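K.L.:
Read off the chains here:
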Amino acid sequence: MQFISILLAGVLTSNFIFMQYLGLCAFVGISEQFETAIGMSGAVIFVMTFASTVAALFEQFVLVPFGLEYLRTIAYILVIATFVQLVEIFLKKTAPSLYKALGIYLPLITTNCAVLGAAMLNVKNNYGILWGTVNGLAGALGWSLAIVIFAGIRERWKFIDIPEVLKGFPLALISTGLMSLGFLGFSGLFKTLLK
Amino acid sequence: MADKLLITSSPHIRAAKTVRGIMLDVVIALVPASVAAVVFFGIKALSVLAASTISAVLAEYLYEKAVRRPVTVGDFSAAVTGLLLGLTLPPAVPLYVPVVGSVFAIVVAKQVFGGLGTNFVNPALAGRAFVLAAWPLHMTSAWLNPLTMDAATGATPLHAFKGGQAAGSLVDLLIGNRLGSLGETSAIAIILGGAYLLMRGVIDYRIPVAYLGTLGFGVFIFGKPGALFQGDPLRGILLGGALLGAFFMATDYVTSPVTPRGRTYMGIGAGLITLLIRYWGDYPEGVTYAILLMNLATPLIDKFVVPKYYGYAHDALARRKAKEGGR
Amino acid sequence: MNKRSLIGEFTKGLIEENATFKMAIGLCPTLAVTTSLVNGFWMGVAVVFVLTFSNVFVSILRKVTPDQIRIPVFVILIATPVVIVELVMKAYLPAMYQILGIFVSLIVVNCIVIARAEAFAYKNSLLRSAFDGLGIGAGFMIDLMLIGAVREFLGTGTITVGSVVLPPKPLFEPMSVMLTPPGGFITLGVLMTVLNIVFQRAAAKKAKTVS
Amino acid sequence: MVKAKRGSGGVAVPDKKELSGRMPIEDAGIPAELTLFLSQHIGAPSKPLVNAGDEVKRGQKIAEAQGAVSACLHAPTSGKVKAIEPRYQPVLGRVVDAIVIVPDGEHALYEGVAPVGDDLQAISQEKVREVVRESGLVGLGGAAFPTAVKLEHPPGKKIDTYLLNGVECEPYLTADQKLMEESAAGVVFGFRALMKGAGVEKGIICIEDNKPDAIKAMEEASKPYPELEVAVLSHRYPRGGEKQLIEAVLGREVPPPPGLPLDVGVIVSNVGTAYALATALKTGLPLVERIVSVTGEGVARPANLRALIGTPVSYLIDRVGGFSSSPGKVILGGPMMGVSIRDTEVSIVKGTSGVLVLPREAVETEPVLPCIRCGKCVEACPIRLLPVWIAAYAENDFMEDAEKMRAMDCIECGACSYVCPSRRPLTQSIRLAKAHIAAKRRAAAKK
Numbered sequence: 112m113q114f115i116s117i118l119l120a121g122v123l124t125s126n127f128i129f130m131q132y133l134g135l136c137a138f139v140g141i142s143e144q145f146e147t148a149i150g151m152s153g154a155v156i157f158v159m160t161f162a163s164t165v166a167a168l169f170e171q172f173v174l175v176p177f178g179l180e181y182l183r184t185i186a187y188i189l190v191i192a193t194f195v196q197l198v199e200i201f202l203k204k205t206a207p208s209l210y211k212a213l214g215i216y217l218p219l220i221t222t223n224c225a226v227l228g229a230a231m232l233n234v235k236n237n238y239g240i241l242w243g244t245v246n247g248l249a250g251a252l253g254w255s256l257a258i259v260i261f262a263g264i265r266e267r268w269k270f271i272d273i274p275e276v277l278k279g280f281p282l283a284l285i286s287t288g289l290m291s292l293g294f295l296g297f298s299g300l301f302k303t304l305l306k
Numbered sequence: 004m005a006d007k008l009l010i011t012s013s014p015h016i017r018a019a020k021t022v023r024g025i026m027l028d029v030v031i032a033l034v035p036a037s038v039a040a041v042v043f044f045g046i047k048a049l050s051v052l053a054a055s056t057i058s059a060v061l062a063e064y065l066y067e068k069a070v071r072r073p074v075t076v077g078d079f080s081a082a083v084t085g086l087l088l089g090l091t092l093p094p095a096v097p098l099y100v101p102v103v104g105s106v107f108a109i110v111v112a113k114q115v116f117g118g119l120g121t122n123f124v125n126p127a128l129a130g131r132a133f134v135l136a137a138w139p140l141h142m143t144s145a146w147l148n149p150l151t152m153d154a155a156t157g158a159t160p161l162h163a164f165k166g167g168q169a170a171g172s173l174v175d176l177l178i179g180n181r182l183g184s185l186g187e188t189s190a191i192a193i194i195l196g197g198a199y200l201l202m203r204g205v206i207d208y209r210i211p212v213a214y215l216g217t218l219g220f221g222v223f224i225f226g227k228p229g230a231l232f233q234g235d236p237l238r239g240i241l242l243g244g245a246l247l248g249a250f251f252m253a254t255d256y257v258t259s260p261v262t263p264r265g266r267t268y269m270g271i272g273a274g275l276i277t278l279l280i281r282y283w284g285d286y287p288e289g290v291t292y293a294i295l296l297m298n299l300a301t302p303l304i305d306k307f308v309v310p311k312y313y314g315y316a317h318d319a320l321a322r323r324k325a326k327e328g329g330r
Numbered sequence: 760m761n762k763r764s765l766i767g768e769f770t771k772g773l774i775e776e777n778a779t780f781k782m783a784i785g786l787c788p789t790l791a792v793t794t795s796l797v798n799g800f801w802m803g804v805a806v807v808f809v810l811t812f813s814n815v816f817v818s819i820l821r822k823v824t825p826d827q828i829r830i831p832v833f834v835i836l837i838a839t840p841v842v843i844v845e846l847v848m849k850a851y852l853p854a855m856y857q858i859l860g861i862f863v864s865l866i867v868v869n870c871i872v873i874a875r876a877e878a879f880a881y882k883n884s885l886l887r888s889a890f891d892g893l894g895i896g897a898g899f900m901i902d903l904m905l906i907g908a909v910r911e912f913l914g915t916g917t918i919t920v921g922s923v924v925l926p927p928k929p930l931f932e933p934m935s936v937m938l939t940p941p942g943g944f945i946t947l948g949v950l951m952t953v954l955n956i957v958f959q960r961a962a963a964k965k966a967k968t969v970s
Numbered sequence: 258m259v260k261a262k263r264g265s266g267g268v269a270v271p272d273k274k275e276l277s278g279r280m281p282i283e284d285a286g287i288p289a290e291l292t293l294f295l296s297q298h299i300g301a302p303s304k305p306l307v308n309a310g311d312e313v314k315r316g317q318k319i320a321e322a323q324g325a326v327s328a329c330l331h332a333p334t335s336g337k338v339k340a341i342e343p344r345y346q347p348v349l350g351r352v353v354d355a356i357v358i359v360p361d362g363e364h365a366l367y368e369g370v371a372p373v374g375d376d377l378q379a380i381s382q383e384k385v386r387e388v389v390r391e392s393g394l395v396g397l398g399g400a401a402f403p404t405a406v407k408l409e410h411p412p413g414k415k416i417d418t419y420l421l422n423g424v425e426c427e428p429y430l431t432a433d434q435k436l437m438e439e440s441a442a443g444v445v446f447g448f449r450a451l452m453k454g455a456g457v458e459k460g461i462i463c464i465e466d467n468k469p470d471a472i473k474a475m476e477e478a479s480k481p482y483p484e485l486e487v488a489v490l491s492h493r494y495p496r497g498g499e500k501q502l503i504e505a506v507l508g509r510e511v512p513p514p515p516g517l518p519l520d521v522g523v524i525v526s527n528v529g530t531a532y533a534l535a536t537a538l539k540t541g542l543p544l545v546e547r548i549v550s551v552t553g554e555g556v557a558r559p560a561n562l563r564a565l566i567g568t569p570v571s572y573l574i575d576r577v578g579g580f581s582s583s584p585g586k587v588i589l590g591g592p593m594m595g596v597s598i599r600d601t602e603v604s605i606v607k608g609t610s611g612v613l614v615l616p617r618e619a620v621e622t623e624p625v626l627p628c629i630r631c632g633k634c635v636e637a638c639p640i641r642l643l644p645v646w647i648a649a650y651a652e653n654d655f656m657e658d659a660e661k662m663r664a665m666d667c668i669e670c671g672a673c674s675y676v677c678p679s680r681r682p683l684t685q686s687i688r689l690a691k692a693h694i695a696a697k698r699r700a701a702a703k704k
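Chains U, B, Y and V are the protein sequences, given in the same order.
Sequential numbering from 112 applies to the first sequence in our numbering.
Sequential numbering from 4 applies to the second sequence in our numbering.
Sequential numbering from 760 applies to the third sequence in our numbering.
Sequential numbering from 258 applies to the fourth sequence in our numbering.
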């Protein structure tokens, strides 16, 4: 049950983009084309899930035993950067086709605040290793859902005729607001069921 | 004389239906529901509907003047948006609620994207969702008792129904003798309007049928607390805003899929999300959010749910053969 | 390109190279913590501090940092002041630290900070970099405060700074939606549009007077 | 009787058949001048066999087919060749060479014109094909594709069904309807001859249910022949398109372009073509005249005229009492797919099924509004394409996207433009994309 609850929370009720404001730069920057949005989603799902695992492991076996929690931020960012680097090398060697599809997105992910954010949220919520991984996956799925939806919408903007001052970020933000208005409807979902 | 002959590309005749005509049909279809609202809730209803409609039209006019675009209030789409928004509001809301809702609907949800045709969420519903999030108290408690028009305390019949109670006689529900938003109380009036739109070929039957069917079926399964397959689908559909949403909101051309099959999916999806929010979410009713969320999914549905083109089977066969041959 | 004065390095960050409204970077905290003017202020302070020191560190080490591993180095150089801010805030402003939550930690991956390190501090002298960091940070702080003020005013009807409440009583029924994510996105979108118009007008005016 | 299925897409269009469909077919008579374009249709132009100043007689061959998709031409009446000169061909929309004949009024028959016979048992398949070739027969439904090319299909293809197209789904036009009503026996004879020529055993005569008299006449005339059936289709545009007809009657779909009906074992011909073959077999007279519906609210007395090929449009309009009011548009063909012409001095071609005159007040152009994505064009498209996107791509010069969305499959029936409540010129935009893509493909092929 907790599995479903964390998953639903990450995807719908506390969607990273629409409710938590995490990973916005990439969300706005990489959603102009549908195919790139899909590619980035794949990379984020992969990295965020396992980065959560690695960060949680690091927390449990290094930071806590040695009382280094105050260095968490610096430790996590290094862990994530290293992990992304390793993934890149690993994929390049073992799965060239996957590397080709995700490769260009991987370096961008280090600075995607959603990844570090997910790891931080795991600590804040005391999720541990297993649930931390699930939460990472859930957050990544939610982020991907958001960017895919947004890319679909943005494809329609190829031909729209609007004042110059609205183009780009203003329009993207206003539409993200409208989308998040829709996602408000999910608030409290399954709260009663899961109590 | 001959040199004045007009040269154009074929076809040389056009169907009678125009955008303006379609919007006018929607306005006509909303008349029964609006009249019912005024009958049950009196001058309050009239002032809310007038405020929402007038401010929607005014907002469209002023925005288009401000950005120096052709003024399109003549196509009645702003009036439709305003009227629809008004019909989703409780009768006793302060008048700034419809005004702010309409301005938000027209300017933020529609015009900044380039006006009619390029907005991606239903403006009326976006407006409603905005005022619902802005002033939740007004939006969930400003009820009036029908006919007597005194302030009503207590929950709407939908609330009672979700708790497993009978929630009033079917006759009262059909006529509209119950608490509720202006346009959602009288089922008969909405169905009358919906039937008119179907008859005039303005809306596709697939969306309302799929929507209400899914909702009714879901209510039948989950509608009774603590027991499965014992719900009352009829009341589940008549209570709340599902009818108004299914006929007038989900069928909005701009924000629903263009393909027939896509529209069926839209209806089913909206039905499922309505159920989800109604029974397992924070909000008493999920119609607004369900349709808004399906609006978001519409570009994806349009992208992936496309009809198979004429002669597709031949291409598919050729591809299969090529694949087998390649092995 | 003409070298700016040190003051110029500072002031360019306020408008000309404003992080939020001109470059549209560092959006996550811009939205997450701007539910009030005061929140915006403290987040801004944190960013000014981090940005200034990360710029200084990067600038000092710019000659000895190999090109290939500069990004990891930047990240460590940025993380250091971030950790300091975290610890200081936790100790002296625990309530504010609770409100700003993980977004203080997330300054480490804030695109503004990395962008300034990469685009400016890595190529400029210590002093220049310090002023650049201060300026961009101050600009960002103003942005956060502006957005926070608008959202707080619309969302609660008043603006509260310490014990001062203005106006003392809400003049209208506050719209709670402004404090929620949709309100944040839309406020920022609308503010950007409005400022775009202002910038455009200003540019047009300038062009006119020049010609 | 075959019950036809619904078929994909399509739109309900006004009928308007009552305007010209009540009166019997009349003879148009002989105009002062005939213009016979050497390019009557797509394909290679035919090669003239006469020179300026030559005397010609009715039925005499005046131009020879050359190339694969080409048909010969005959003199419609006796007279003198005035010139062979470039003239504006309205359907192709460009200037082509034409043989201009000044009739002498004698209407004298060419000596070589002799009946072949009226007993199909006695006529060989090869003879039928020869008559089709030598009579310059083309599809009279509009596209004017040489009939001989259809009959002489490649031996590898197995053809099992011949469809006779009497659907006439375009509003206003009644030429085919009147022909079936008045000359059912001739049409059936011609159809059986076409089947013999193509070597096909089964024939289906397809008619829309808005022509009860024609259905009755054709059922009567085809009764003696067990290999013939009549299929009645519901009235919906563009049911009479080749692909749509095959889908509705046989439930088969022709492969996408360059696929042909042959690929699914079907040949389709127009009733007018069948009748012309019957005439050629029975009397020896080649294709020199056809039935033209001269109709529309803009002419005084709409009627069907038996007109000589090459007759000027103005002459035909005069024959039905001239314009009834200030004309807005004159269209060769029907209102959905016809071509509007600049002036009425141009002449009709073999494929001209109608001359439609719309009064000025009926052609007021309405403003084009933004697309509201109502999806009516998607429902209307008989090829099940998405006109809404193809047109948007085409208008914004995203031709590759238009191509990906299968713009080239479009049959330009006009149904999408017809239903569009925003009055967007969808068909025109898609046509533009098609021209662009075709040019690109030609350039690629050259490389």
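Everything labelled a hint here was simulated from the structure, so no lab data went into it.
Model, not experiment: these values are computed from the prediction.
All C-beta atoms in this analysis are idealised placements derived from N, C-alpha and C, irrespective of residue type, glycine included.
There could be a bad hint or two in this list.
When the alpha-carbon atoms are kept at most 30 angstroms apart in a straight line, the in silico BS3-like pairs for lysine-lysine are as follows [claimed, not checked]: (1) U:LYS269 - V:LYS697; (2) Y:LYS822 - Y:LYS771; (3) Y:LYS928 - U:LYS278; (4) Y:LYS928 - B:LYS47; (5) V:LYS539 - V:LYS304; (6) B:LYS326 - V:LYS697; (7) Y:LYS849 - U:LYS278; (8) V:LYS384 - V:LYS459; (9) V:LYS415 - B:LYS311; (10) B:LYS47 - U:LYS211; (11) U:LYS278 - V:LYS304; (12) V:LYS414 - V:LYS384; (13) B:LYS68 - U:LYS211; (14) B:LYS311 - V:LYS661; (15) V:LYS415 - B:LYS324; (16) B:LYS324 - V:LYS661; (17) Y:LYS849 - B:LYS68.
Every beta carbon over 10 angstroms from chain Y, so not counted as near; a handful from chain B, in silico [to be verified]: (18) LEU8; (19) SER12; (20) ARG71; (21) VAL111; (22) SER144; (23) LEU201; (24) ARG203; (25) LYS227; (26) ASP285.
K.L.:
Each hint should be assessed against the structure and marked as holding or not.
P.N.:
Here is how each hint holds up against the structure:
no.: 1; hint: U:LYS269 - V:LYS697; verdict: 23 angstroms, holds
no.: 2; hint: Y:LYS822 - Y:LYS771; verdict: 25 angstroms, holds
no.: 3; hint: Y:LYS928 - U:LYS278; verdict: 37 angstroms, violated
no.: 4; hint: Y:LYS928 - B:LYS47; verdict: 28 angstroms, holds
no.: 5; hint: V:LYS539 - V:LYS304; verdict: 27 angstroms, holds
no.: 6; hint: B:LYS326 - V:LYS697; verdict: 28 angstroms, holds
no.: 7; hint: Y:LYS849 - U:LYS278; verdict: 40 angstroms, violated
no.: 8; hint: V:LYS384 - V:LYS459; verdict: 20 angstroms, holds
no.: 9; hint: V:LYS415 - B:LYS311; verdict: 26 angstroms, holds
no.: 10; hint: B:LYS47 - U:LYS211; verdict: 63 angstroms, violated
no.: 11; hint: U:LYS278 - V:LYS304; verdict: 60 angstroms, violated
no.: 12; hint: V:LYS414 - V:LYS384; verdict: 21 angstroms, holds
no.: 13; hint: B:LYS68 - U:LYS211; verdict: 50 angstroms, violated
no.: 14; hint: B:LYS311 - V:LYS661; verdict: 14 angstroms, holds
no.: 15; hint: V:LYS415 - B:LYS324; verdict: 21 angstroms, holds
no.: 16; hint: B:LYS324 - V:LYS661; verdict: 22 angstroms, holds
no.: 17; hint: Y:LYS849 - B:LYS68; verdict: 52 angstroms, violated
no.: 18; hint: LEU8; verdict: 48 angstroms, holds
no.: 19; hint: SER12; verdict: 39 angstroms, holds
no.: 20; hint: ARG71; verdict: 13 angstroms, holds
no.: 21; hint: VAL111; verdict: 6 angstroms, violated
no.: 22; hint: SER144; verdict: 14 angstroms, holds
no.: 23; hint: LEU201; verdict: 34 angstroms, holds
no.: 24; hint: ARG203; verdict: 36 angstroms, holds
no.: 25; hint: LYS227; verdict: 33 angstroms, holds
no.: 26; hint: ASP285; verdict: 13 angstroms, holds
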